[in-house]
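**Q** Residue numbers (the working numbering): 2 to 194.
Hints are computed from structural coordinates only; laboratory data are not their basis.
Every value quoted in this text rests on a predicted model; they were computed, and no experiment measured them.
Among these hints, one or two may not hold up.
[Said to hold, decoys possible] List time: in silico SDA-like cross-link candidates among lysine to any residue, alpha-carbon distance up to 25 Å:
{"no.": "1", "residue 1": "LYS51", "residue 2": "GLU70"}
{"no.": "2", "residue 1": "LYS118", "residue 2": "PRO155"}
{"no.": "3", "residue 1": "LYS118", "residue 2": "LEU161"}
{"no.": "4", "residue 1": "LYS145", "residue 2": "GLU180"}
{"no.": "5", "residue 1": "LYS51", "residue 2": "THR32"}
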Amino acid sequence: LLLRSRAAADLCAGDKADRRARRARQRNHVTDALEALVWDPEPSAGPRDKAEARIAELHEGIAALYEDEDNRVEDRPVGPVIAGLACGFGLSDAWRRRAPDWSDPPWPAPPEGTDIKAQRRARLTELMRLPLLHIDADLVPELKAGIEARLREPDIPALLDAEPPMRVAERLCLSLGLEPFPCLDWADKPDTG
Numbered sequence: 002l003l004l005r006s007r008a009a010a011d012l013c014a015g016d017k018a019d020r021r022a023r024r025a026r027q028r029n030h031v032t033d034a035l036e037a038l039v040w041d042p043e044p045s046a047g048p049r050d051k052a053e054a055r056i057a058e059l060h061e062g063i064a065a066l067y068e069d070e071d072n073r074v075e076d077r078p079v080g081p082v083i084a085g086l087a088c089g090f091g092l093s094d095a096w097r098r099r100a101p102d103w104s105d106p107p108w109p110a111p112p113e114g115t116d117i118k119a120q121r122r123a124r125l126t127e128l129m130r131l132p133l134l135h136i137d138a139d140l141v142p143e144l145k146a147g148i149e150a151r152l153r154e155p156d157i158p159a160l161l162d163a164e165p166p167m168r169v170a171e172r173l174c175l176s177l178g179l180e181p182f183p184c185l186d187w188a189d190k191p192d193t194g
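Working from the sequences, and respecting the hints, build out all of it.
**A** So, in structure tokens, the structure goes:
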């Protein structure tokens, strides 16, 4: 019986550690996504103060959501968690436009050649161009070639099936030594969804 109780305690401790790690990863993902919705690409002094106040508000709301260990928020998909917080903070319109970039699709990975897969790949290509806007013009041709080569590598389709375009673009930029999003392009685009 003593061995059983030790084994049960070890299993519980392992589960609790896994939950904490998943919870921390999800919290970081949610925080990054919501902060990106608040910041403008080039805020002026006035809106910057307002954005910083909203960021502080976001951090308080996220802390309140994640501090209660009994609320198993880490078991929910990240997209609905972000959508709920975005709605509560008045960012639902921005979230609706940006959801495909930050949240996992609520469907299984689309089969090869579908419109959804093509849209995700096109969005990844668009996101990979953003860092080039903030780099010395002499380096752009070399980096474009590196990005094009990286986008042709065989792991890209699997990455796009497993993660949203924003996270894939971040990984690819880091693999090329680029700052992923030095100035996020959150300009309003027509809401097609």
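**Q** Need the status of pair LYS51, GLU70: alpha-carbon distance at most 25 Å?
**A** Violated, at about 31 Å.
**Q** Are LYS145 and GLU180 close enough, with their CA atoms no more than 25 Å apart?
**A** holds (14 Å)
**Q** Do the alpha carbons of LYS118 and LEU161 lie within 25 Å of each other, as the hint requires?
**A** Given that 25 Å is the threshold and the Cα spacing comes to 8 Å, the pair holds.
**Q** Do the alpha carbons of LYS118 and PRO155 lie within 25 Å of each other, as the hint requires?
**A** holds (15 Å)
**Q** Between LYS51 and THR32, does the CA-CA distance stay at or below 25 Å?
**A** Satisfied, since the Cα-Cα distance of roughly 17 Å is no more than 25 Å.
The structure is inconsistent with hint 1 alone, although it conforms to all the rest.
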